[in-house]
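Participant: Chain by chain, the residues:
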Amino acid sequence: MFKWRTDEFSWVDFTIDVLRVVIVLGVVIGAWNTLSSGRISFAQWVNLFAAGLSQGSIYALIALGYTLVYGILLMINFAHGEVFMAGAFSTVFLAEALNRTGFLNAQPLLAILLMIAFAGLVSMSVAILLERIAYRPLRGSPRLVPLITAIGASFFLQYTFRGLYGSGFKAYPGVNALQGVIKIGGISIPVVQVFVFCAALFLMLCLYWLVERTRIGKAMRAVSENKEVARLMGIDIDWVIMFTFGIGGFLAGSAGVINGLFRPQGVNFYMGFIPGIKAFTAAVLGGIGNIPGAMLGGLFLGLIEAIGPNLVLAGLGIPGANQLKDVIAFTMLVLVLIFRPQGILGERLSETKA
Amino acid sequence: MLTNFRRICFVLVLFLMLMLPPFRADAHCDDPLGCVEVGPDDPIVVGAMLVVSGAINYLGEDTLGGVELALLARDYTLLDHEIELVVEDSLCTAEGGQTAAQRLAADPTVVGAIGTNCSSAAQGAIPIISESGMVMIAPSNTSPSLTNEDIAAGGSHLPGYFRTSQNGLIEGMRLAEFAAFALEAETLATVHDGDPYTEGLAQAVARTFADLEGAVVFEGAVNKGDTDMASILTEIAVQQPDVIYVPLFEPESNFFAAQMQHIAGLEDTIIIGGAASFTSSFPENTGESAVGIYVSGPLVSGESYDEVLAQWHEEYGSAPPSGYHAHAYDATNLLLDALESIAEIKDDGSIVIGRQAIRDAIAATEDYPGLTGRLTCREDSPFAGDCSPGTALAVFEITEAEVFDDNWPPPIAWNFAVDTFE
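If you read the protein sequences in the order shown, they are chains Z and C.
Each residue of the first sequence is one higher than the last, beginning at 0 in numbering that gives the first Met the number 0.
Each residue of the second sequence is one higher than the last, beginning at 0 in numbering that gives the first Met the number 0.
So that you can see chain Z by itself, here it is in the shape it has in the complex (with noise of 0.2 Å):
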């Protein structure tokens, strides 16, 4: 910190470091404001956190996907928001069906195990196709090429699925199972927001599980690490990135039925764009291509858009501050390229992989 004190005085470092100062003094100063003004109850921030720990579950399962084709092909699916919307719309279908027939309330948890595992396979039969159609062609092209490919392949899954299901908004049916609070003290926890954060956090070990103790997740590592080693080694490389993108898909079809139960509403074509955008920020703020990174960026990212505009924006008097909750998700992408650009938990990347 400091570099301008030096010799080699930079204005880029001299710039940096007054940005620096300038955002933990906003932040310092926004917080004062807000908990000094004792505004917002206890209660209330107890109810912000736990929405946003819930959301970042959410965005950290879709940024799985993320890290996991990053790690593996150093590209960036800009597509995987789609992935999680093929996921999430088809099965608002299926839930309607169980909610008509009774079964997702006679036997909730049966019932969300089905949705989830329909969803994670329409979403893993998605990223699969879209791997084998989109990308593998273009495997060893110039990295803006795949990149480009992404984009296009995106708008394509929002208008095919546009053209499948309308364009209208659908919502999941609520589950009599994860209706009420929690209640402690005097403090209320949806139970809804206790089944996300949990069923997240459940796919998120079973997946640090497959990466760490199964001979696929052993190839996943390898394949990452040289892919000609781990050819040489006798490795299947097309089936190994094959299966990387279908279980990013799966986890995001999974995230969309999660997300489905927490925020029935606003199910439609266009749903996995902005979900999509955040959960690539929370990859990045972990640490592109780290999957415990992507899991904690998630979550990182959640909780600072849940809490940061009441506690830090409207103590420093920014009117609206509800409204740039976005503009935090970003800033922070932003704040994090410039002081930390291989995020929380990565590590410096080698010249391939920059």
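Don't read these hints as lab results, they were simulated from the structure.
Treat the hints with caution; some may be incorrect.
As the list claims (entries may be wrong) - Interface residues of chain Z toward chain C, partial, derived using beta-carbon atoms under 10 Å:
| # | residue |
| --- | --- |
| 1 | Ala49 |
| 2 | Arg262 |
| 3 | Pro263 |
Ideal Cβ placement from N, Cα and C applies to all residues, glycine included.
Dock chain C against the given chain Z, drawing on the hints supplied.
Facilitator: For chain C alone, coordinates are given in the frame of chain Z:
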């Protein structure tokens, strides 16, 4: 030399040939804005700029049905000419309205247009329609800015714009009275999404509520596309208002209502939604949290309306998806009656319609018997172009029947045409 002379002659002749038809068409036309000439065997072309696609296409479907039924009542015939309806998708954005208006304005045979649905689309369409000399009669715009001629004050009214839906100033005033007197609210919060429709209504409600000596404790906005409302709900909860007025579109209105139940401090707060939530999909998508929410919406009754409603069921086999079909029906009749009154019929059966004459005829409308009441078009800003009597408005309360049993519309909580405040 001779070749050049021939070329010049050829170009001149070509130029004259191109110029001749308009000269010929305008030969009988004294109207300062020009005329539409309908040949003996040509149809009279009526345009429509409605939201045909996208998430709120139910509104376009509803109003298009109203237009079609009005045309059907005349057997799609006016002055012995067939009526042709050209529908353009205005979406619910300024860009959509602009595109739809450009397409209609580019067609010299279009005599006038019904639309747009959304106030934002109207803002894009009005300058183009006005410049082209056409008229547009909107069946579901409510933004006060659209009938306000004071550009410095945010007004966007230009000659040629009329509407049969009520002005948001009137709707806002009535809803504020409902909150203050019927619900006995002392504090109010308003939330809009930056759209001219939602912002205009939120401002009108807040202003009147303050005039009634109520306290407006929060005036805020969400972004279109927001799914997380916890932050703004917490800001509102700090103020603990008795009522929140939320004229948002779906799905933001769904998210807002559904997430409110999880915020400490808003347990006893009442929500009043705008007409954008007056659709059967609102309780369906919001779920149980929608129970107890009040929504404002058009309320039309009477024998003539019942006949139109029966005709709707016969034609389309279901109930209208929203409440503005009667306004669209009135808008279409207003346009066609104006055409009928000013059209100049030639011996060969052709018709000449002056564009300024249509505007003048619609502007002169007084005590016109419509489905939505007796329509009088005003010329005084901030109500320039307003033709609605403003009486076809009610507040409905969503009950479990709308959420769980597909009942629609909800029971009336307050009918402004009948109920009065003490």
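Participant: Hints numbered earlier in the text: which of these fail when held up against the supplied structure?
Facilitator: none
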